[in-house]
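A.B. asks: The residues making up each chain are set out below.
Protein chains: 2
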Amino acid sequence: MLTRQEALTRIGRLQLKLQGKGMDGALFIYPIDVYYFSGTRQNSTLWVPASGEPRLFVRKSYTRAKAESCIDDTRPFPSSKEFPGAFGEEVKKIGFTFDVAPVQQYQYYQKLLPGCEFVDISAVNREIRSVKSAWELEQIRHCGVELGQVFRAVPQFLKEGMREVDLAAEFEYRLRKAGGEGYVRMRAFNQELFQGLAVSSATAGDTGFFDGAVTGQGMSAASPHGASAALIPADAPILIDYTAVFNGYIIDMTRFFVIGKLDPELEHAFGVAVAIQDYLAQNLKPGAICEELFLKALEMATDAGLAEHFMGAPGENARFVGHGVGLELDEFPVLAQGFKVPLQVGQTLAIEPKFVFPGKGVIGIENTFAVTENGGEKLSELPDDIVYL
Amino acid sequence: MLTRQEALTRIGRLQLKLQGKGMDGALFIYPIDVYYFSGTRQNSTLWVPASGEPRLFVRKSYTRAKAESCIDDTRPFPSSKEFPGAFGEEVKKIGFTFDVAPVQQYQYYQKLLPGCEFVDISAVNREIRSVKSAWELEQIRHCGVELGQVFRAVPQFLKEGMREVDLAAEFEYRLRKAGGEGYVRMRAFNQELFQGLAVSSATAGDTGFFDGAVTGQGMSAASPHGASAALIPADAPILIDYTAVFNGYIIDMTRFFVIGKLDPELEHAFGVAVAIQDYLAQNLKPGAICEELFLKALEMATDAGLAEHFMGAPGENARFVGHGVGLELDEFPVLAQGFKVPLQVGQTLAIEPKFVFPGKGVIGIENTFAVTENGGEKLSELPDDIVYL
Chain S
1 MLTRQEALTR IGRLQLKLQG KGMDGALFIY PIDVYYFSGT RQNSTLWVPA SGEPRLFVRK
61 SYTRAKAESC IDDTRPFPSS KEFPGAFGEE VKKIGFTFDV APVQQYQYYQ KLLPGCEFVD
121 ISAVNREIRS VKSAWELEQI RHCGVELGQV FRAVPQFLKE GMREVDLAAE FEYRLRKAGG
181 EGYVRMRAFN QELFQGLAVS SATAGDTGFF DGAVTGQGMS AASPHGASAA LIPADAPILI
241 DYTAVFNGYI IDMTRFFVIG KLDPELEHAF GVAVAIQDYL AQNLKPGAIC EELFLKALEM
301 ATDAGLAEHF MGAPGENARF VGHGVGLELD EFPVLAQGFK VPLQVGQTLA IEPKFVFPGK
361 GVIGIENTFA VTENGGEKLS ELPDDIVYL
Chain H
1 MLTRQEALTR IGRLQLKLQG KGMDGALFIY PIDVYYFSGT RQNSTLWVPA SGEPRLFVRK
61 SYTRAKAESC IDDTRPFPSS KEFPGAFGEE VKKIGFTFDV APVQQYQYYQ KLLPGCEFVD
121 ISAVNREIRS VKSAWELEQI RHCGVELGQV FRAVPQFLKE GMREVDLAAE FEYRLRKAGG
181 EGYVRMRAFN QELFQGLAVS SATAGDTGFF DGAVTGQGMS AASPHGASAA LIPADAPILI
241 DYTAVFNGYI IDMTRFFVIG KLDPELEHAF GVAVAIQDYL AQNLKPGAIC EELFLKALEM
301 ATDAGLAEHF MGAPGENARF VGHGVGLELD EFPVLAQGFK VPLQVGQTLA IEPKFVFPGK
361 GVIGIENTFA VTENGGEKLS ELPDDIVYL
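Protein chains in written order, with this note's numbering: chain S, 1 to 389; chain H, 1 to 389.
One or more hints might be untrue.
[As the list claims (entries may be wrong)] One-sided and incomplete, this derived list gives chain S residues near chain H with beta-carbon spacing under 10 Å:
(1) Pro-102
(2) Val-124
(3) Trp-135
(4) Gly-161
(5) Gln-191
(6) Tyr-279
(7) Gln-282
Since the hints were made in silico from the structure, they are not lab data.
All of these numbers come straight from a predicted model, not from anything done at the bench.
Ideal Cβ positions, reconstructed from N, Cα and C, are used throughout, including at glycine.
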């Protein structure tokens, strides 16, 4: 459970930002944001004034929110008439998360608070969330322990000729038995993930809607992501790219398995991926510029003659090599072109150099790291090696 | 796969509505809506003019969208400059789904289409979606076959003293092995579901954020829904309320299991729940008013002396007894107070009378039905009985 002290620290960081932007406060309606600042994910709206005490207005369940909330002033959602008065002071300029709030919700709150100007604080919110506390890092390390154990068990259930979806079922079963929560929240519009990808087929290199190097075929055009009914062959890379979620926190890891032998071209590319990961890990230090790390990774891929396979099939390469991870799979920062901000201590990133060879498959590595003064701290302990069966 | 003929029928139904409302067309950006009208869930934006040919603008993946799309004019997403011209005619009044479109997306498209008025067509869209074709009913029936088989297997793995989450793991494993897709889409803001609920504890009657009769404790305050680590006792009702998702379509069913004996009060309430379900099923005919069906169900519960337990713990009763189901778990129509519209042939509803006894548990039934001229057609074949082990 989130402690009151940690919630207050988070709210204090937000209030500093609100003051700096001349705002009177911020109104959070998205459940993951409400959970981050209050400790409860019940159906609630959180008001954080630029200074003073926050208030949590609960729709459902008040009983449960009251038991979980770190906000002293947790109360039932007021009536429309009472709503403006519930803020306890005159407010004019309100921060709001335009990235996730639907238009209907926006208009609803605009009506409740006539005369107020709503300002987009999506980026501010994501930047605050990107820097993890010691307690948050502990949550992600725990995810790493649990996910690592499932990865270690893969040789027990991975067999030639099984369907990708059967491999996914075995992997997900063990995650769930470990107490995994399953929900993998994503913030970006149009993105979603059902736990992870178990992909081995010749179509592994095909692109899809997912903003990553690999999408997979999925089970249908309605769910075109992850495992399909294709059979897992020998002598080809089998990608297992999965999340584990405990206490709302996510870790993201990828390992490759091969039944038999691997094409030397892919084996070579694997070595390059690990070298890129290790270089980036060493440089996950405060002040390092995200874009520069991506460009350095791309340079290493280019030097190895693999630029066109880097992070996507030739011509469809994604322009990133790592992404923030925490309560959502797609947090800040992103090691991507155009992301010119410096890293901060406590940010957590999934670093995932991958190479795509259409018709042959995908190869690479992924681990989740925390930014420290001494470079990236790996938040899991599993060896990086390809596992040959 | 969606056929071109069926996509054209759906688009034709939408165009009639757009014409009736004097709109020039509708712009869909939400992936489930795009899938419904086009057959692809790739990252795309669909333009449906009030008359004439629709266009699908694809961000990612164009290759895959082109292969799946039933829209003849499927093209890469145009540049900002080209965007207004890509509509091929002058448009002024555009339908948009305010219920699910984030403010940032709304503002983005407003900028791309200067001078256009955006109008909320959320309700129109949901009403169109609520009426299923023969092909859609076939998809849901298939879900029913698969989900029914997992329910039938429960006696093989349900044991006294196992954790709720272990029961969930066993159930979800079999669903996934059957090819289940896992993604359970919900449309309402602040709602989410990870596959279903396996809940047996004395806390089954506690409320939560979820808009249903039962929420469950879940594994943490971050994921406060469904199975918890509580141990499954003998002589108490074990609720298994699960979805199955194939080809994007969802079925929703609940069965109860008891290891040993059940409290006579709950056994009595189960009989009342089945009687309410059967009454509603007989009356799922075109023209029946949703609210009246809910009130009749409430009346039956009241006559049985169970009003305060109906659809929630005493004082926290939900005011509904059934909900539409299709590509999303919370479709139209809803058998709820205030929902005064008549049913239409082809609508599909999960009917779920449940009674909550705090400290003792929950009991009831849930099946998914299609509205026909002769009353509800049950879309699955599993017996309703409590299964005693």
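A.B. asks: Does the closest beta carbon of chain H sit nearer than 10 Å to the beta carbon of Pro-102 (chain S)?
C.D. replies: Result: holds, 6 Å to nearest chain H Cβ.
A.B. asks: Minimum Cβ distance from Gln-282 (chain S) to chain H below 10 Å?
C.D. replies: Hint violated; Gln-282 (chain S) Cβ to chain H Cβ min 32 Å, cut 10 Å.
A.B. asks: Holds or violated: is the Cβ of Val-124 (chain S) closer than 10 Å to a Cβ in chain H?
C.D. replies: At about 14 Å, which exceeds the 10 Å cut-off, the nearest Cβ of chain H leaves the hint on Val-124 (chain S) violated.
A.B. asks: Double-check Trp-135 (chain S) for me: the hint is only fine if its C-beta lies closer than 10 Å to a C-beta in chain H.
C.D. replies: violated, 13 Å
A.B. asks: So, as I understand it, the hint says Gly-161 (chain S) touches chain H; can you test that by seeing if any CB pair is closer than 10 Å?
C.D. replies: violated, 15 Å
A.B. asks: Does Gln-191 (chain S) pass the interface hint, meaning its C-beta sits closer than 10 Å to a C-beta of chain H?
C.D. replies: For Gln-191 (chain S), the interface hint holds, since the closest Cβ of chain H sits about 8 Å away, which is under 10 Å.
A.B. asks: Take the shortest C-beta to C-beta distance between Tyr-279 (chain S) and chain H; is it under 10 Å?
C.D. replies: violated, 28 Å
Hint compliance for this structure: hints 2, 3, 4, 6, 7 are not met, and every other hint is.
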